[in-house]
Amino acid sequence: MKTTGTVTGIVSNLVTVKVDGPVAENEICYIDLAGVKMMAEVIKVNGDLAQVQVFESTRGLKGGDKVEFEGRMLEVTLGPGLLSGVYDGLQNDLTTMSDVFLKRGEYTDPLDREKLWDFTPLAQPGDKVVAADWLGEVKEGWLPHKIMVPFSFKGEYTVKEVKTAGQYNVDTVIATLTGAEGEDVPVTMTQKWPVKVAIKGYREKPRPNRIMETGVRVIDTLNPIAEGGTGFIPGPFGCGKTVLQHAIAKQGDADVIVMAACGERANEVVEIFTEFPELIDPHTGRHLMERTTIICNTSNMPVAAREASVYTAMTICEYYRAMGLKCLLLADSTSRWAQALREMSNRMEELPGADAFPVDLSSIISNFYSRAGMVVLNNGQTGAVTFIGTVSPAGGNLKEPVTESTKKAARCFYALEQNRADQKRYPAVGPLESYSKYLEYPEIIEYLDKTVEPGWVAKVLAAKNYVRRGKEAAEQINILGDDGVPMSYHINFWKSELIDFVILQQDAFDPVDSLCPIERQRFMLDLVLKICEKDFEFEDFEACRAFFKDLINELRQMNYAPWQSEKFQQYNDSVLKRIA
Amino acid sequence: MKAYQRVYTRLEGITKATVSLRAAGVSNDELAVVAGRLAQVVRTKGDIVTLQVFSGTEGIPTDAEVVFLGEPPTLKVSDQLSGRFFDAYGHPIDGGPEIDGEERQIGGPSVNPYKRRQPSQLIPTGIAGIDLNNTLVSGQKIPFFADPDQPYNQVMADVALRADVDKIILGGMGLSNDDYLFFRHSFEAAGALDKIICFINTTENPPVERLLIPDMALTAAEYFAVDKNEKVLVLLTDMTLYADALSIVSNRMDQIPSKDSMPGSLYSDLAKIYEKAVQLPTDGSITIIAVTTLNDGDITHAIPDNTGYITEGQLFLRADSDSGKVIIDPFRSLSRLKQLVQGKKTREDHSQVMNASVRLYADAQNAKTKLENGFDLSDYDLRCLAYAKEYATRLLAIDVNISITEMLDTAWELFAKHFSPAETGIKQALVDKYWVK
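From first to last, the protein sequence lines are chains A and B.
When we follow this note's numbering, the leftmost residue of the first sequence carries the number 627, and every step to the right adds one.
When we follow this note's numbering, the leftmost residue of the second sequence carries the number -9, and every step to the right adds one.
This is chain A alone, in the form it adopts within the complex (with noise of 0.2 Å):
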């Protein structure tokens, strides 16, 4: 019997229903609005009153309107054919809806059912297996995606039955397991799973590492992000979060990527859909868009949705994972989320915790950030979720509380300056202020010492340096004045100059620099330090200035010049005469 209840109270999209039975925290509940079923899930309880968030606008409801109760969580429909899709923070799939506008109550299926699938079984009958074993395979775009034991099945079953090698769509019967009393239960190629639960079923989740590459000189060199690592990207507007967010997305090396546009522009969404069916994984030589799936709830969308948008995009990589894949989610922005709770929270008259957010915000994101991770799955083989959140911190302050709550929890700080930007020194990350703790881990350490090269942290740290010492050598020269410092003020200036024209910035609107694969970034960092490591001697500061500008110049065409080409050996030879 499921529970039912009719509405008493509207403020917005927070609906008090009275219930007629029992109902869980988070449960989903339909509002039956003139024969429009309107979804929302249960945020607080209270006696026979619950308060639940509407996934639509509320527009017309009445008091009096009929609820249903549904007895689950908020699900997401897990299997082949979530790559490539377009989906709404709930799933839906936008592309199968015909009209322009958004219909309210109008849900779509998020796979394709008619669909066949060349499915391979792994599995034979009398193998033991528990939740999220392989029991077969089938091809999605290149990558091999793994049909698995359900991930709410507990304990040992026994394989019964698999289909035989063959096409079939997502709802056959691929095999039929027995559980421990001797039930029969099908498995098809489909499960569901609610999207605020973290997926198990792997043995052991350690530390990470390994780097995932992204291209990105100032990711990559200064601060690497590891695979199944954390990292986030606060900034004000206009610096760049979003150029930023879009290269780690065309560049990084993952199989699966997942965008969560949440509640963010419709526009940002739309160039991911223009360009990236256009683009070439580099990594792969495939179409981007066969390893991206989007989760768009742009910020015109209901507030309630744009939540529920990051835990959908985290559950689906949770599921790419548990397949041995590398994925990366990138959430932007995670600001928005959390303003989506205070919303409801200051519907719900809660007491409010710092600049009005709910007093678990910070909770609420750690909790999330540990979903993240590489994990050793129950065959030994490894999979991965690196997550990738942006921050939109008010007035570009980073002393409020989703900043300060993210800090906490993310293990990479890209910290976008304004002063930079509005240099137009883009990517706009800081290089004193951001970090990679991972540079710390003496696992990835000894990773970038056989990939890379030996004693390439060490050097990294020393760039560091540079850019440090350039700053203080600044910061006298504007007080003293060119004439009133040592010309080693000068140097140490320029030299933080060349760091910063030559590595930390980069073009992500040209061809060549905007991907800078990590054996070209050796190649560079070791060049400038080269540069950093010599003594100069100037008549002047203004010799001085000109000689640096005529390397930093030669440098920045080396950068847009193709790897190892005629006309960056041509840059190099020169540079390499200057410094001779």
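Taking lysine to aspartate or glutamate pairs in the EDC-like style, the calculated list, with each CA pair at most 20 Å apart, reads:
| # | chain 1 | residue 1 | chain 2 | residue 2 |
| --- | --- | --- | --- | --- |
| 1 | B | 249 | A | 1030 |
| 2 | B | 423 | A | 1136 |
| 3 | A | 1085 | A | 1145 |
| 4 | B | 105 | A | 897 |
| 5 | B | 417 | A | 1199 |
| 6 | A | 1090 | A | 1101 |
| 7 | A | 1025 | B | 288 |
| 8 | A | 663 | A | 735 |
| 9 | B | 417 | A | 1123 |
| 10 | A | 663 | B | 19 |
| 11 | A | 692 | B | 19 |
| 12 | A | 628 | A | 701 |
Because the hints were derived from the structure by calculation, they are not lab data.
Dock chain B against the given chain A, drawing on the hints supplied.
Quick look at chain B alone, frame taken from chain A:
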């Protein structure tokens, strides 16, 4: 009158902006008439309904007559809207007849993001601070950030009249009567009245009425863009006064304010308006240019701050002492969509020229700081300062009106006059082609 009308005559509570009463079967967002004034349902709690009275509650007695109208605010749309001036409720204020047309609910649903198309059509304005540095694209949403003493309404009117669009829809919120007449006269003088539609709330009208203006303007815009495949430019001035009205209502409803006494939902409220900007696959588009007035240039205040996160850039007006003119500040201004047209719809050197000219202007600001601190200036500093003055006068000032190619040529001319090619840091191939010898 409609059959299902319900009439009540007993108010339980009155605040400056809201009234509450016991009523049954009332739907959320529905309109009502309270003592002859238009009001809208904003909260239902048990059998108590709270109504926001647009024109304020002064003089409303507890036994006022309340009639529920059964539907949210609507606008009648048809081609008859062209050339007309309306108040916040969509009633003509130009002495002309009421509009015949299809009645549409305002503040309707959003466009499915997947049905949008990427904006790609340049909107030239002749102003180099915009076209060169912050190129506008149809389907974009962008505000002017300006202090109240700056001529933002004039610049906006210039931009609107020079832009090649089918309809210009002005939503005026808290406009002074003088500014309202200014817009009216500029549109008349330009002979553009037939493509103008205005929804006007002046400072003489009650502030809460303003809340209807953007939705009215955008409902009309959607009619022309979606139904008629037209290019529509919507001007919204001043969105700061709109946000102030939001905070009045939320305050009267005892909501906990967040930053700067603004409601916690400010971001979503503003986004609902700005995100109506769209490029449709059918060639119709809605472009929004708005004004957000600042308090002494403070962009960290909740209103400009939230706006900046929603809009696709901002145009920052500033009085410049070098040139003695109002300029579009190249550092704080940004058009996020500019790379969709720069070098694609304009000459190939556009983005490199823009970046170099702004970078050199930044160097000039550093030189200026040195000068102010009493230090000797280097030769480079002096050249930067000379360049900055010319750059501000000939390109950044808002009274410039030239084509984009002329802007690029002017920039190359300034580079050659003051700098060596290496100092500009421009790609060699472009220097070879465009450097003025």
